[in-house]
Structures are given as structure tokens and as C-alpha cells.
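Student: First to last, the sequence lines map onto chains A and B. If you're matching positions, the first sequence starts at 0 in numbering that gives the first Met the number 0 and goes up one per residue. If you're matching positions, the second sequence starts at 0 in numbering that gives the first Met the number 0 and goes up one per residue.
Worth flagging that the hints you see were computed from the coordinates, not collected in a lab. We treat Cβ as the ideally placed atom computed from N, Cα and C, and that holds for glycine. Be careful, since some hints might not be right.
[As the list claims (entries may be wrong)] Stretch by stretch, here's where chain A covers chain B in the computed footprint (C-beta under 8 angstroms, at least three residues):
| no. | stretch |
| --- | --- |
| 1 | 78 to 92 |
| 2 | 148 to 154 |
| 3 | 179 to 185 |
| 4 | 203 to 211 |
[Stated by the list, open to error] FRET-style restraints, in silico, Cβ to Cβ:
| no. | chain 1 | residue 1 | chain 2 | residue 2 | range |
| --- | --- | --- | --- | --- | --- |
| 5 | B | GLN18 | A | ARG146 | 40 to 50 angstroms |
| 6 | B | ARG95 | A | GLY21 | 17 to 27 angstroms |
| 7 | B | GLU189 | A | SER72 | 39 to 49 angstroms |
| 8 | B | ASP137 | A | GLY21 | 15 to 25 angstroms |
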Amino acid sequence: MSRKSDTVRPLLRVRELSVRFGMRGGRDIAAVSDVSFDLAAGECLALVGESGCGKSVLVSALLGLLPANARTSGSALLHRPTHDGGPGPAGQDEPLDLLAADEATLARTVRGRRVGLVPQSPAAHLTPVRTVRSQLAETVRELKGLRGKELAEATRAAAGRAAFPADHLDRYPHQLSGGLAQRAATALALVGDAPLLLADEPTTGLDRDLVERTVDELRAHTGEARGLLLITHDLAAAERIADRVAVMYAGRVVEVAAAGDFFGGPGPRHPYARGLLAALPERDFTPIPGMPPELGRLPDGCAFASRCTRASAACARLPAPDGGVACHHPVTTGRPACRHREGSTV
Amino acid sequence: MTGTALPALELDSVTAGYQRRAPVLRDVSLTVAAGESVGLLGPSGCGKSTLAKVAALLHRPYAGTVRLGGEPAGGWRHRAPRAQRTAVGVVFQQPRLAADPRLTLAALIAEPLRATGRGAQATERVAQLAQAVGLGDDLLARRPHEVSDGQLQRACVARALALRPRVLVCDEMTAMLDASTTAALVAVVEDYRQRSGAALLAVGHDRALLERWCDRTVALGAVAGPRDGTELRSVPRAPADRSAG
Ligand code: SF4
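Same shape as in the complex, but just chain A:
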């Protein structure tokens, strides 16, 4: 369970990523602002936050699936995993900037092959009029170039990897339970052996035991060579499998912490992250007062200030990320004197 040290080259290195949507009337929506994080092979990073905080926009940006009125800045460098970084064709080691890559590159070499997406609602992601076998076979043919008997075999194997039962392969999506639909979608995401898995709210609407099984399976697929970015509003799911947690609020990552510290004794340091955790029914069950600001009308200073009990005059300035937390008055109780022990970046 040990985390990778800083010397390991990350799979994904996101720096200062921002997404703006130009709206009619010239107003801009600041959906994602200055997000930076690393994700290493073998690691699961959970990105948590409420709906509308920008986490789904971030996923779309990483997959090159933003609508036409979006402008991005910053970088998202996708490296090859170290294990196949040996002597290869020249340029093999050059990372690819997902934000700068053109659509042809993304469609041909990235989506499905280097980045696998486990979607939010598998039922909607699967084609309703085709059986699971036919959809899986098409993806295997496309990504692996197999035909005939080999294709049939690889299709069965692909289903098996996501624990999708072979005797359900000839069913249509609407004939599957929520859990099996999720497995079918996961099987599709795994076909290309993509080193980076993005799971966008993969457990929405599932029962607790299915949530647990789904995230456990995703974690198991992460293995040594893959990295998993789990986007979720389900803190229990994040606690279950994440090595690190990144909390998003109003488009910014306000805290990155080791999952054990975040959910355990020391607890979160950012007041919003603390409030979110305390709102759980297993904890205080008290809501954070108020609602997040509109992304089209963000204040100049800290976006949480109007809801924050620790706010002071200093908070009219935007807090810069420092040692994993972006706050002028982070919580320090219950933690050792040295709080800068994680090498995480915000």
C-alpha cells in the first residue's frame, strides 16, 4: 500500500489546467482554474467535490471532449508507463500534452488506448440496440485488430477481465442489472490496456454493496502499471480505494492529501474539505451553510469565504496552494508539528 516516491515519473502530470466557457454576453464561466496534480502508475487519486464543482469538466478536458466554446490553458502531460519505456522507437518517451493534441491524435491513439474511460452511467454509454458481445467485439477489433476466432476469444477474455459473466454476453444493455451494466462498461474501458483509467462517477445510483464491488474492481485493475483517477461525490467510495484525495471547490483543487490522513485522525486541513467530511451521516451530519458561488461570478478572493467560519480579511486575496492546501487559515489541530510531509502538489 506504499505510495510511489517523487522519483517515480508520473503517468499524468497536470499543471495549471484551466477551462473557461465563453457565454453569450461575453461573460466567462470559470469551470476549472489552475488545477495541478500528478498521478503515478499503481496509484489511485480520488477527485471529490459536489456536482458543478468542475470535476466532470476536468475529465472532458483530459479526454479532449470539451464543447467548442471552451478555452483551455495549462498542460496535462501523459507519459508512457515506465515498464514499456525501454529502448523503443525514437520519441517514445516524449509525453503527450492532452490539452494540445489534435482530435485525430486523440481519437486514434489516446482515447481507449492510452486513456480508458469508465463512464458515469453505463446504461447510457452502452448502445441500447446491440448486445454486449457485439459492442465488446467491435472495440476489441478496433483496438487490437483481431478477426475471426481470435476476436471471439479476445472478446470473451475482455468480458472475463471485468468479471462480466460469459453467459450474459448476448444480452442487451436494458436486460442487465446496474452492476452488470457497470461491468460491461468497465470491460469496454479495459480493452485497450490503457495505462490511465478515468472513472467519472462510476457508482452513481448503485447500492452500497455494488458501489464497493465496483470500486474494488477498479482498484484491482489499477495494478502496478495503471493509474486510476476516480471522480466521485461519494466520499465512502473514495475512502475505500484511494491513495490520495484531491478536493475540488468552485473549479479549484483546494486540498490534496494522503487518503489515510484525510479520512483518519488528522483529518482534512481545508475548511471546505472538513465541512464536507463532517456532513457525512456517519459523522456530524451537519451541512455546510449556503451554496457554492456561481462559476460565472466568482469572487476575487477565496471562493469559500462566504461560507467559511475561519474567514478573515486576508481571505479577500486568493489563497495560493501551499503544501497541499490552498487556504489562508488551514486547520492544524490534531496533526504533527511538521505538516509539510507529503510531496503532493496542489
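Starting from the known structure of chain A, arrange chain B with the ligand on it as the hints suggest.
Tutor: Okay, now just chain B with the ligand, sitting in the frame of chain A:
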């Protein structure tokens, strides 16, 4: 016998589903007293959403009786007598499927008032409800596609409370929401329940949530199981809560 002595909601040997030969609920009985909150727990496919719809008079059972304040249900969906229909408020899991996309949030909240000829009170009542669920004027003027799931669900909760129901049915009300919005909406419902003495049936799969929220929880098992015809198991609220944070 006075009305208050009778349970606010009673399901008596209800069998219901979508195929008469294979009902999802068989002979289920459940009672919720006035002022009581009951959490109904169960895995997906166990029929708990069907039970919620039956309790809200939105789905006609094949057999059994539903009583509101002792009165047997006089019909289902739009055929339910108005006095019974307006006595029950419902909130569903997916606010987008439950909200007319053409209405502003203010009009959405006022819908039940208008539909029952109480449009004259709408402005005042909507203002009250909006304040209770934390929606400002700016959000009230928007349409569903212009707000988040959490904001729309706030409006749906306000709509369910508009006619001051004596029974509130919440079917997976918070399954799509983050922890803070969940706690906020549960607080709104609980505040209403405590002030009004309404009965609450909260249906869901999240044990931690329902045990914290409700006076007692009951479990609905798999349909094919041996519990046919038996009373649902009832578990009182755990006395102590783990606190942290
Ligand atoms: S910067 Fe200030 S307002 Fe923002 S979270 Fe920290 S203490 Fe609260």
C-alpha cells in the same frame, strides 16, 4: 376514534409490481405513525421504489390496502381523491426526471398550489419554502437546465412541502447528492416533520444515512425470499453516533 390516533400511513398486505404473475412486492405490511420517520432499506430490485410509489398513491397495487389517517385510498394517480393526493408529498431520486424543464424553479415549487386552486397564496408560500431550502431569487428565476442537480433537488423538496403534506415519501432523495447537500435537505425535511407532525417514509439503500435520519428502519429483502407475508423487520435508531471532524 380520532384521526390522530390512527397511523398516518398504513400499507396492509400489499402485493404490487408490473406483472401480475411476478409481483415485486408480495404481501407487505408497513405502518408509519403521525410524526414518525421510518427508513425503508433494501438492495436494488427489491421493490422498495414500487413500495414508495404505492404509498404515494402513484401505483395501484394488485392486492392489499393503503390507508392514510385510517381512510382507505380511494384511487391511484390522478384518480386519487384530491384530499388524499394533496396529503402526500413525494421526492424522487432524479430531480431532472421529476421537473418540467419549461418551468422556472419558482413556478415548479408553486405547481401544486396552482393545481389545487391556491395560486393566490403562491408568492408568499414559495418565498417561505425557497428560504427553507436555501434558494435565492436569482436561482428561483432559472429553469432546470440552468441549475445543478443539488439546486434542482432543493426545489423538488420545496414543491413536495408546498401543500403541507401529512405524509412525506422520499425515494432515494439524496442518492445523487454530495454529503453537504444531503445533510442540508435532510435537515429541511426533518424541520418540517418536527413542526408539522407529518409522517416520513424515507426509502433508500444507504444504511448509514437512513439509520442516522430516521426513528427506525425496516429492511425489505429479496422478493423471492422467505419473508413473504411477514412483517418487515424493524430496527430502532442506534443510540450513539460516531463523531469526528
Ligand atoms: S482562505 Fe479563508 S475563507 Fe478560504 S477557506 Fe481558508 S480560511 Fe476560509
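Student: Compare the structure with the hints numbered earlier in the document and write down the numbers of the violated ones, lowest to highest.
Tutor: Failing hint: just 1.
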